[in-house]
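K.L.:
Sequence:
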Amino acid sequence: YIIKAPADETPLDISKIIDFYHSTNLDPIEIRKSIEPNLSWKNQMQKVIFSIFAS
Numbered sequence: 095y096i097i098k099a100p101a102d103e104t105p106l107d108i109s110k111i112i113d114f115y116h117s118t119n120l121d122p123i124e125i126r127k128s129i130e131p132n133l134s135w136k137n138q139m140q141k142v143i144f145s146i147f148a149s
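So the mapping is simple: my numbering equals the position in the sequence shown, first residue as 1, plus 94.
Just so you know, the hints here were simulated from the structure itself, not pulled from any lab data. All residues carry an ideal CB built from backbone N, CA and C; glycine is no exception. Be careful, since some hints might not be right.
With a Cα cut of at most 25 angstroms, we get these calculated DSS-like pairs of lysine-lysine [stated by the list, open to error]:
1) K127 to K98
2) K127 to K141
3) K110 to K98
Label pairs and their in silico Cβ distance ranges [said to hold, decoys possible]:
4) N119 to I146: 36 to 44 angstroms
5) P100 to I129: 19 to 27 angstroms
6) D121 to I146: 33 to 41 angstroms
7) S145 to I108: 34 to 42 angstroms
8) P131 to D107: 28 to 36 angstroms
9) Q140 to D107: 36 to 44 angstroms
I would like the entire structure built from these sequences, with the hints used as guidance.
P.N.:
This is the structure we're talking about:
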């Protein structure tokens with residue numbers, strides 16, 4: 095469910111994006127469950143606290 099694009103002014107191939115979209119069949123709930131453990135506020139704040147006390 096991730097497609098990478100250059101962070102510059104390179105034109106994007108829209109047909110590749112559409113093909114990618116049609117090739118994925120992930121449910122939004124599945125996507126959320128897969129990233130929630132890493133991107134939750136609790137996890138992010140633990141990184142901040144660790145960074146503060148590690149220095």
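K.L.:
Hints first: check each against the structure and report whether it holds.
P.N.:
These are the hints, each one checked on the structure:
no.: 1; hint: K127 to K98; result: holds, 21 angstroms
no.: 2; hint: K127 to K141; result: holds, 20 angstroms
no.: 3; hint: K110 to K98; result: holds, 11 angstroms
no.: 4; hint: N119 to I146: 36 to 44 angstroms; result: holds, 42 angstroms
no.: 5; hint: P100 to I129: 19 to 27 angstroms; result: holds, 23 angstroms
no.: 6; hint: D121 to I146: 33 to 41 angstroms; result: holds, 37 angstroms
no.: 7; hint: S145 to I108: 34 to 42 angstroms; result: holds, 40 angstroms
no.: 8; hint: P131 to D107: 28 to 36 angstroms; result: holds, 33 angstroms
no.: 9; hint: Q140 to D107: 36 to 44 angstroms; result: holds, 39 angstroms
When each numbered hint is compared with the structure, no violation occurs for any of them.
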